[in-house]
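In case it helps, mature numbering (1 follows the signal peptide of the UniProt record, and there is no 0) puts the sequence shown at residues -20 to -1, 1 to 258.
Hint data in this document are derived by calculation from the structure and do not stem from the laboratory. Heads up, a few of these hints could be off.
In silico DSS-like cross-links for lysine-lysine, where the CA-CA straight-line distance does not exceed 25 Å [said to hold, decoys possible]:
id : residue 1 : residue 2
1  : K187      : K46
2  : K55       : K36
3  : K46       : K36
4  : K184      : K56
5  : K79       : K52
6  : K52       : K83
7  : K184      : K105
8  : K46       : K105
9  : K105      : K53
10 : K36       : K56
11 : K46       : K56
12 : K46       : K184
13 : K83       : K53
14 : K52       : K187
15 : K105      : K36
Just the calculated beta-carbon pair ranges, DEER-fashion [unchecked claim]:
id : residue 1 : residue 2 : range
16 : T134      : K105      : 19 to 25 Å
17 : G106      : S50       : 33 to 39 Å
18 : G72       : G106      : 32 to 38 Å
19 : G225      : G190      : 22 to 28 Å
20 : K53       : P160      : 30 to 36 Å
21 : D222      : T116      : 22 to 28 Å
22 : R110      : E208      : 33 to 39 Å
23 : S223      : A121      : 24 to 30 Å
24 : P160      : E38       : 35 to 41 Å
25 : M39       : P133      : 28 to 34 Å
26 : H136      : T116      : 29 to 35 Å
27 : T134      : P181      : 17 to 23 Å
28 : Q107      : E42       : 33 to 39 Å
29 : R232      : E208      : 36 to 42 Å
Since we're looking at a predicted model, the values are computed, not measured. Where is the CB? At the ideal position from N, CA and C, for every residue including glycine.
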Amino acid sequence: MIVGALLMCLALDQSKLVDCNLKVSDAPIGGFFNAGQKKKLKDVESKLENSVLKSKVEMLGEALRKHVNSLKKSKKVELVFLVDASASVGEGNFASELKFVQKLLADFTVSVNDTRVSVITFASKGQVIRHVDHITFPSAANHKCVLLHHELPTIHYTGGGTYTLGAVLEAQSVLAHARPDAQQAVFLITDGFSNGGDPLPAAKQLKQSGATVFTFGIRNGNTRELYEMASLPAEEHSYILDSFGEFAALKRQNLQTLDNGALCRSSPQKFIGNMLCH
């Protein structure tokens, strides 16, 4: 309360500061807010903002962690990732999106009999690209080591528009080949307003077919559109973040405490980053 009142006082003319009735100092009004004290208030404000950010990311992380762990309890899972590669994302942030996908997948047992994966990037029309598709084309060769070490690193940034509708339609096409007894989940990651058509009807069809839809809106995403695209309850399936910094924090908050999935079964042993892959 005191900090809030102090911040209000800063906005007032110094001649009116006496009306704030704050018993913080007996110093004369004219010298009350010197440069050093203003800096302290800014530091306090910054700490409060960081605290709010931490709380927000923690709450979102808890919700995401709960749903991901629930998915992992299923023997058979079909995961589709729709990754925004538009111009507004930029190459560096696109790499952050792929890192999120990699970290999330590292905790699943990726194999032909367990979790099957599809990774699709989207930008403008004609730039919806299915880079990985273990769902349509299942094979014993599709395991975690191949996915993390060979397939994901070959995905490159393109730039362009934000054809979200095309990405959702591509997810529908992929999941038409899903195993009938498998859990289905779609993770949409975007930073911009969609163009090229309304994705909501297609997202509705996707959900009606049995898929759980998670949406991540970063920086400039259409909050309402992403909220309506997500599965219910939307507040637990739609994650709206103010920056890619928050997105990275969510990734850390979520993935550091996930229950570990089984390592892939292949030989010889390899380390992918800091993850043992065998």
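Comparing the hints with the structure gives:
Only pairs whose Cα atoms come within 25 Å are accepted, and K187 paired with K46 is accepted, the gap being roughly 19 Å. At most 25 Å may separate the alpha-carbon atoms for a hinted pair to count; K55 and K36 exceed this at roughly 32 Å. Restraint check for K46 and K36: the C-alpha separation of about 16 Å stays at or below 25 Å, so the hint holds. With a C-alpha separation of about 23 Å, the suggested pairing of K184 with K56 holds against the 25 Å cut-off.
A C-alpha spacing of about 19 Å is found between K79 and K52, which places the hinted pair at or below 25 Å, so the restraint holds. Pair hint K52 plus K83 holds up; C-alpha atoms about 14 Å apart against a cutoff of 25 Å. Between K184 and K105 the alpha-carbon distance is near 21 Å, which keeps this suggested pair within the 25 Å criterion. Taking the CA atoms of K46 and K105, the gap is about 35 Å. The hint is violated against a cut of 25 Å.
Proposed proximity of K105 and K53 is contradicted: the alpha carbons are some 36 Å apart, above 25 Å. With a C-alpha separation of about 32 Å, the suggested pairing of K36 with K56 is violated against the 25 Å cut-off. Proximity of K46 to K56 is assessed by CA-CA distance (about 18 Å); at most 25 Å being required, the pair is judged to hold. Taking the CA atoms of K46 and K184, the gap is about 23 Å. The hint holds against a cut of 25 Å.
Only pairs whose Cα atoms come within 25 Å are accepted, and K83 paired with K53 is accepted, the gap being roughly 18 Å. Only pairs whose Cα atoms come within 25 Å are accepted, and K52 paired with K187 is accepted, the gap being roughly 19 Å. Proposed proximity of K105 and K36 is contradicted: the alpha carbons are some 34 Å apart, above 25 Å. Judged by the Cβ atoms, the range 19 to 25 Å given for T134 and K105 holds: they are separated by roughly 23 Å.
In this structure, G106 and S50 meet the distance hint of 33 to 39 Å, their C-beta atoms being roughly 36 Å apart. Separated by about 24 Å at the C-beta atoms, G72 and G106 break the suggested range of 32 to 38 Å. Distance hint for G225 and G190: a CB-CB separation of about 34 Å, inconsistent with the stated range 22 to 28 Å. Separation of K53 from P160 is about 18 Å and departs from the stated range, judged on CB atoms against 30 to 36 Å.
Judged by the Cβ atoms, the range 22 to 28 Å given for D222 and T116 is violated: they are separated by roughly 36 Å. At about 25 Å, the CB distance of R110 to E208 disagrees with the hint of 33 to 39 Å. A hinted range of 24 to 30 Å for the beta carbons of S223 and A121 is inconsistent with their spacing of about 38 Å. Look at P160 against E38: about 37 Å separates their beta carbons, and that is inside 35 to 41 Å.
Take M39 and P133: their Cβ atoms lie about 33 Å apart, and the range 28 to 34 Å holds. In this structure, H136 and T116 break the distance hint of 29 to 35 Å, their C-beta atoms being roughly 21 Å apart. The beta-carbon spacing between T134 and P181, approximately 33 Å, falls outside the hinted interval of 17 to 23 Å. Look at Q107 against E42: about 35 Å separates their beta carbons, and that is inside 33 to 39 Å.
The supplied range of 36 to 42 Å is broken by R232 and E208, whose beta-carbon atoms lie about 28 Å from each other.
When each numbered hint is compared with the structure, violations occur for hints 2, 8, 9, 10, 15, 18, 19, 20, 21, 22, 23, 26, 27 and 29.
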